[in-house]
Structure formats: structure tokens, C-alpha cells
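Given these sequences and hints, build the entire structure.
One-letter residues, chain by chain:
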Amino acid sequence: MASGTPREDIRDGDILLRRVYAGDDNYFREDGSATPMAFRLRKAKGEKGLSVDMRRLTTLEASRGDKEKFVLCELTAAHVRSIFICACHDPDPPEDVENGAHSLIIPFGDKDPCCSDLTGEEKKPPVVLSGSVRDRLARGARKVQMP
Amino acid sequence: MDPFIKYGIPASDPRNASAYVSCVPSHYSALCTSSVLTSDQFCQLSEELQYHLARIERTLGFKENWDHQGGLPPERRVVVLAKKYVKEFGCRGFTPNHIAAGPNGEIFVEYKGANARQAQLEFAPDGANELLLVDGDEYPYEGPLMPTKVMKHLHGERYTP
Chain A
1 MASGTPREDI RDGDILLRRV YAGDDNYFRE DGSATPMAFR LRKAKGEKGL SVDMRRLTTL
61 EASRGDKEKF VLCELTAAHV RSIFICACHD PDPPEDVENG AHSLIIPFGD KDPCCSDLTG
121 EEKKPPVVLS GSVRDRLARG ARKVQMP
Chain B
1 MDPFIKYGIP ASDPRNASAY VSCVPSHYSA LCTSSVLTSD QFCQLSEELQ YHLARIERTL
61 GFKENWDHQG GLPPERRVVV LAKKYVKEFG CRGFTPNHIA AGPNGEIFVE YKGANARQAQ
121 LEFAPDGANE LLLVDGDEYP YEGPLMPTKV MKHLHGERYT P
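Heads up: the sequence lines are chains A and B, in that order.
Position 42 of the first sequence, counted from 1, bears residue number 42 in my numbering, the numbering being contiguous throughout.
Position 10 of the second sequence, counted from 1, bears residue number 10 in my numbering, the numbering being contiguous throughout.
For the record, the hints were derived by calculation from the structure and aren't laboratory data.
Idealized CB from N, CA, C, for every residue including glycine.
Some clues are possibly wrong.
[To be verified] Interface residues of chain B toward chain A, partial, derived using beta-carbon atoms under 7 Å:
#1 Asp67
#2 His68
#3 Gly70
#4 His98
#5 Ala100
#6 Pro103
#7 Asn104
#8 Phe108
#9 Ala128
#10 Glu130
#11 Gly136
#12 Tyr139
[Stated by the list, open to error] Cβ pair distances, simulated, as ranges:
#13 Val80(B) x Thr59(A): 42 to 48 Å
#14 Gly46(A) x Gly61(B): 22 to 28 Å
#15 Thr160(B) x Ser82(A): 27 to 33 Å
[Unchecked claim] Looking from chain A toward chain B, a few residues come up when the C-beta cut is under 8 Å (computed):
#16 Arg11
#17 Asp25
#18 Asn26
#19 Pro36
#20 Ala44
#21 Lys48
#22 Arg64
#23 Lys67
#24 Arg81
#25 Asn99
#26 Phe108
#27 Ser130
#28 Gly131
Laid out in C-alpha cells, this is it:
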């Protein structure tokens, strides 16, 4: 599907926002820190990467959506790349067609060739979104405080 | 605030004290004539442990799309297995730090030990139950769930493949 938003390179300093369900302490510990479950791929949806929004292309409110249900976690692209995972702008995906900020945290082997991020290219075996990678992502994430 | 009050979970749950424990602490082993024992016969479940067991149990009430992002509810057999492990570890003195459901119907159980050690257990609907051992910023083991590795790690033993 053609995208209306031009694809951009994500810079190391870019902040990525991940929408996470806030209820029942499932994706957050009681101390407020995110658990690795907040960075689990959804097999039923066939996800290959974790959906996030690029902070500079959206607003916190738009990215969060329903404030009764969701909160945002933020992490930097530099952190994602430090664990050999790509950060790719993926604007207006079929499941979110008017989201020009949509991006993916995705292993090199699964990314769209249009994404210029080569992080993890040299890794043998390739880095995947394993438990330890999810844990590192969670450790680098911070809950965004919003009214 | 008392977590039972905070989350509206009953402070006692008889169902959570009567599931199978296939392996009990060694000082009770002389009493065992069967591998199927009720846990309350041989080890006292602390209130905190019962709270965590209730947190696992309550995921049976989750519906499809429980997290408003397509989350699948855990299947009963996953819940039963997670409770069994939590009880067995509980009888050995380990209480989880955190319990959660995952988006694919997983049950996530996290233990914290001394010196920044953690063990993260994932009980999955496809039976591919996973274990991640954490030691500070390092991950000495990542792979299939092996209970002895969990206990050795939380007891502070150095991991040996």
C-alpha cells in the first residue's frame, strides 16, 4: 500500500513511544517499571517488529490514544541500536493508515529493505527479539508522565 | 496498602492451596508415598504467595482482547502449570516479585534474588516454556525452563552450562 508520509531515517537521538495497556499491572511492575512482556511480539497478528511512534512526528496524546486504557513508554533509538536491533520508520501501515509517525523496532533480518538502518547486519547468529533483548528494551524504557 | 485489598483479591483462596506439588522439600520427602501431594499438607503457603497464586488464577477471567491490543487470554493448562511451579518454588522459600499475563496467552513470573539476580519464567500456550536468568547486566542463561537452574541461580550459585 502506498504511504502518504515520506519515510525518514530515525536518528540515534530520536525518542520512540510505545503504547502499552496500563490495566491490571500486567505490563508494569508495582514500582512502575515496564516488564519484558510490554515488548513481546503478538504472534496472532503476525508481528515481526514492535510498533512505536517517532516522538518528533506525533503528539503524546495522539500516540497514547485512550488515556483510560493506555500509557506510553519512551526509549531512544540509540538504546534500541545498542542491542543490535533496527529502528525503522514505517509510516501509515495498513493497521494504522493515518499514522505517519509509526515505526518499528525490528531485527535486521525482518526489516523492510527500504529501511536504511543496518544495525545488527554483521551479527551471526542474527539478533532476534528474545527474552534477553526484550528485557534490555524494558530496562531502557521509561513511562511517560502525562496528565 | 495491603495488596489483597488494593487489587480486590480474596485473602484466602482454598482452590490455590490444593493443586499438585510433584516435588516437595527434602525434609518432607520421607513422608511422601506418592508424587501427587496437596501443598497445604506439607508446606505452608504464605499470604504473599497466595496473593501471587491468586494473580495467576485471575487471568482465567481474561477475555480475548483483554489488553485492548488483541491480547489472548491464558489457557487453563498454562495457568495450572504456572501455579504448580510457583507453589513448588514457594515451598522452597521463593516468592515471585511479579506475575503477569502476556499478549499471546503467556504467564510471566519473575523472581528476584540477592545481588541483582533475577529469574524470569514464561509459561507459553505452545508449551515452549522459557527461562531467562539475569545477573546484573548479564544473562547467564536463556532457554527452556529448567527448575534446577532457577533455584541454583537464586541461591547465588555461579551458572555452569
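Status of each hint after checking the structure:
Interface restraint check: Asp67(B) against chain A, minimum CB-CB distance 4 Å, threshold 7 Å, status holds. Hint status for His68(B): holds, given a least beta-carbon distance of 5 Å to chain A, under 7 Å. Restraint check, Gly70(B) versus chain A: the minimum CB separation of about 6 Å is within 7 Å; hint holds. A hinted interface residue such as His98(B) counts as satisfied when its beta carbon comes closer than 7 Å to some beta carbon of chain A; here the least separation is about 5 Å, so the hint holds.
Because the closest C-beta pair between Ala100(B) and chain A is about 4 Å apart, less than 7 Å, the hint holds. Of the supplied interface hints, the one on Pro103(B) holds, with its beta-carbon coming within about 5 Å of a beta-carbon of chain A, less than 7 Å. Proximity of Asn104(B) to chain A holds as hinted, the smallest CB-CB distance being about 5 Å (cut-off 7 Å). The beta carbon of Phe108(B) is positioned within 7 Å of a beta carbon in chain A (closest approach about 5 Å), and the interface hint is therefore held.
Proximity of Ala128(B) to chain A is violated relative to the hint, the smallest CB-CB distance being about 11 Å (cut-off 7 Å). Proximity of Glu130(B) to chain A holds as hinted, the smallest CB-CB distance being about 6 Å (cut-off 7 Å). The closest approach between the C-beta of Gly136(B) and any C-beta of chain A is roughly 11 Å, which is over the 7 Å cut-off, so the hint fails. At its closest, the beta carbon of Tyr139(B) sits 4 Å from a beta carbon of chain A; the interface hint therefore holds under the 7 Å criterion.
Against the hinted window of 42 to 48 Å, the Cβ-Cβ separation of Val80(B) and Thr59(A) comes to about 44 Å, which satisfies the hint. A C-beta distance of roughly 27 Å is found between Gly46(A) and Gly61(B), which places it inside the suggested range of 22 to 28 Å. Between Thr160(B) and Ser82(A) the C-beta distance comes to about 28 Å, which sits within the given range of 27 to 33 Å. At its closest, the beta carbon of Arg11(A) sits 25 Å from a beta carbon of chain B; the interface hint therefore is violated under the 8 Å criterion.
Among the interface hints, the one on Asp25(A) holds; its C-beta lies about 7 Å from the nearest C-beta in chain B, closer than the 8 Å criterion. At about 4 Å, the closest approach between the beta carbon of Asn26(A) and any beta carbon in chain B falls short of 8 Å, and the interface hint on this residue holds. For Pro36(A), the suggested interface contact is upheld, since its CB lies about 7 Å from the closest CB of chain B, less than 8 Å. Restraint check, Ala44(A) versus chain B: the minimum CB separation of about 6 Å is within 8 Å; hint holds.
Taking 8 Å as the C-beta contact cut-off toward chain B, the hint placing Lys48(A) at the interface is violated, the least distance being around 14 Å. The closest approach between the C-beta of Arg64(A) and any C-beta of chain B is roughly 12 Å, which is over the 8 Å cut-off, so the hint fails. With a cut of 8 Å, the hint placing Lys67(A) at the interface with chain B is violated, because the nearest CB-to-CB distance is about 12 Å. The interface hint given for Arg81(A) is violated, since its Cβ lies 17 Å from the closest Cβ of chain B, which is over the 8 Å cut-off.
Hint on Asn99(A) is violated. Least Cβ distance to chain B is approximately 14 Å, over the 8 Å limit. Annotation: Phe108(A) was flagged as interfacial toward chain B, and the flag is violated, the nearest CB pair being 19 Å apart, outside 8 Å. For Ser130(A), the interface hint holds, the least distance from its beta-carbon to any beta-carbon of chain B being 6 Å, beneath 8 Å. Taking 8 Å as the C-beta cut-off, the interface hint given for Gly131(A) holds, the closest approach to chain B being about 4 Å.
Hints 9, 11, 16, 21, 22, 23, 24, 25 and 26 from the earlier list are contradicted by this structure; the remaining hints agree with it.
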